[in-house]
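Listed in order, the protein sequences are those of chains A and B. Note that this note's numbering gives residue 156 to position 144 of the first sequence, counting from 1, and the numbers run on in steps of one. Note that this note's numbering gives residue 154 to position 142 of the second sequence, counting from 1, and the numbers run on in steps of one.
Don't take every hint at face value.
Pairs count within a copy or across copies, as identical chains cannot be separated in the list.
[Said to hold, decoys possible] EDC-like, lysine to aspartate or glutamate: derived pairs with alpha carbons at most 16 Å apart:
hint	residue 1	residue 2
1	Lys88	Asp260
2	Lys248	Asp110
3	Lys112	Glu84
4	Lys30	Glu128
5	Lys215	Glu84
Quick caveat, the hints were computed from the structure, so don't treat them as lab data. Since the model is a prediction, treat every value here as computed from it, not as a measurement.
Number of protein chains: 2
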Amino acid sequence: MIRIVIIGSGNVAQHLIKAFDKKNTVEVIQVFARNNNAIRSIFDTTKITHSYTTILEAELYIIAVSDNAIMEVASKIPFQNKLIVHTSGSVCMDDLGDTKRRGVFYPLQTFSKSKEVNFKEVPICIEAQNEADYQLLETVAKSISDTFFRINSKQRKALHVSAVFVSNFVNYLYQIGHTICNENNIPFEILQPLIQETAQKIKTLSPIEAQTGPAIRRDTQTVNAHLAFLTDENQKDIYKLLTKSIIDHGKKL
Amino acid sequence: MIRIVIIGSGNVAQHLIKAFDKKNTVEVIQVFARNNNAIRSIFDTTKITHSYTTILEAELYIIAVSDNAIMEVASKIPFQNKLIVHTSGSVCMDDLGDTKRRGVFYPLQTFSKSKEVNFKEVPICIEAQNEADYQLLETVAKSISDTFFRINSKQRKALHVSAVFVSNFVNYLYQIGHTICNENNIPFEILQPLIQETAQKIKTLSPIEAQTGPAIRRDTQTVNAHLAFLTDENQKDIYKLLTKSIIDHGKKL
Chain A
13 MIRIVIIGSG NVAQHLIKAF DKKNTVEVIQ VFARNNNAIR SIFDTTKITH SYTTILEAEL
73 YIIAVSDNAI MEVASKIPFQ NKLIVHTSGS VCMDDLGDTK RRGVFYPLQT FSKSKEVNFK
133 EVPICIEAQN EADYQLLETV AKSISDTFFR INSKQRKALH VSAVFVSNFV NYLYQIGHTI
193 CNENNIPFEI LQPLIQETAQ KIKTLSPIEA QTGPAIRRDT QTVNAHLAFL TDENQKDIYK
253 LLTKSIIDHG KKL
Chain B
13 MIRIVIIGSG NVAQHLIKAF DKKNTVEVIQ VFARNNNAIR SIFDTTKITH SYTTILEAEL
73 YIIAVSDNAI MEVASKIPFQ NKLIVHTSGS VCMDDLGDTK RRGVFYPLQT FSKSKEVNFK
133 EVPICIEAQN EADYQLLETV AKSISDTFFR INSKQRKALH VSAVFVSNFV NYLYQIGHTI
193 CNENNIPFEI LQPLIQETAQ KIKTLSPIEA QTGPAIRRDT QTVNAHLAFL TDENQKDIYK
253 LLTKSIIDHG KKL
């Protein structure tokens, strides 16, 4: 049984605590949380601490706090020669400090408080300074997910940028669609099958094969009609930039 | 039994022909196709014509051709007082000409030749000049889909623009993620669960509630790190514009 201490009480910490619950190979023996309100409903309150002096010895410390607090938290863990990992997509492994065994345990997913996540389908990106620690992290990853990848810090940075494009920015485009529908008394649900199919399609087609629409067809008549329809300058700017990008970088059909 | 003639042999025509096959309330009695190679494998070749003089009488003519050919095709149908509809998101109903009964039968979905579509889940946007024709189109829509909406030409234009944002542009953001992964020797599949979850999330959350990432957190450190990582000027421009838009229009968390 690999004993784990989780440090943090935010979205990622909460989803990890739930995912590790009742697993055979791992056990969360303690959670460090300055504010335990967020996790008292999902974790034994007698095992929650908010003092670094009472942190237990464990095989693995998972720091799931905001990026700019990771370095400070890592420096306060009162043990030498213990494996410490963070869960961030954008922080280098070496930012954990140089006196300890370091690693990264980055679950690549978008976590919202009000939406459950099936961790089995969340890819875990693992990195460690030495092979033994990597193996331990692989065992921990396997306990909660079906997929894990060995990803170094440079690759993880690339992944994190990609994730912003395919998730955060994509969601913002959904928001624009939502706004336009609202303004024209159209139920947003009418776009749902299209949104789901667009995501499903790239399971079997590459994005360049899956591209449809007026831009890739060089249909300037429709493009101009759309620009004439839009009244919001920000929406127009986005429409123009993405249309030009598709024309310049897409595969002409 | 409502008898239908379909005019066209492209993506939408092919998907409609397959969807109408073996239905109790409708029957495609003829397909007009200048090039029948595309449809001879899915439709009885003896019922394919490429001459307007041999077009059969039917209750409904569905014009599924490219937008700029709709008006010309409509003018060549050699019957008066027959219901003629097109399947376009961006063409006005009145572009069908003014001597005939007009309507629109717009299936709101992204159709690729190499990807099957479950028509049951495709919303059909219906418009007609008179109520009797609307009812007929509703019967036809019901025969192939579980959802249909009464959508006028102005709303349909809004929907079509929205569809470009939530599907064509979204797919282009997938392409950028794909490119960045390739350049860093990362398998694109690692992003699939994130892409699917991002789409799934807005079934239960509004896009504004579902927004995550550095922009909505006002995390300028991560934003700047991402911009420093990107080397492609076009990707940088898109990153900057969408980040600024999320900061300006998102709900601060």
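Report the numbers of all earlier hints that the structure fails to satisfy, in ascending order.
The structure conflicts with hints 1, 2 and 5, although it agrees with all the remaining ones.
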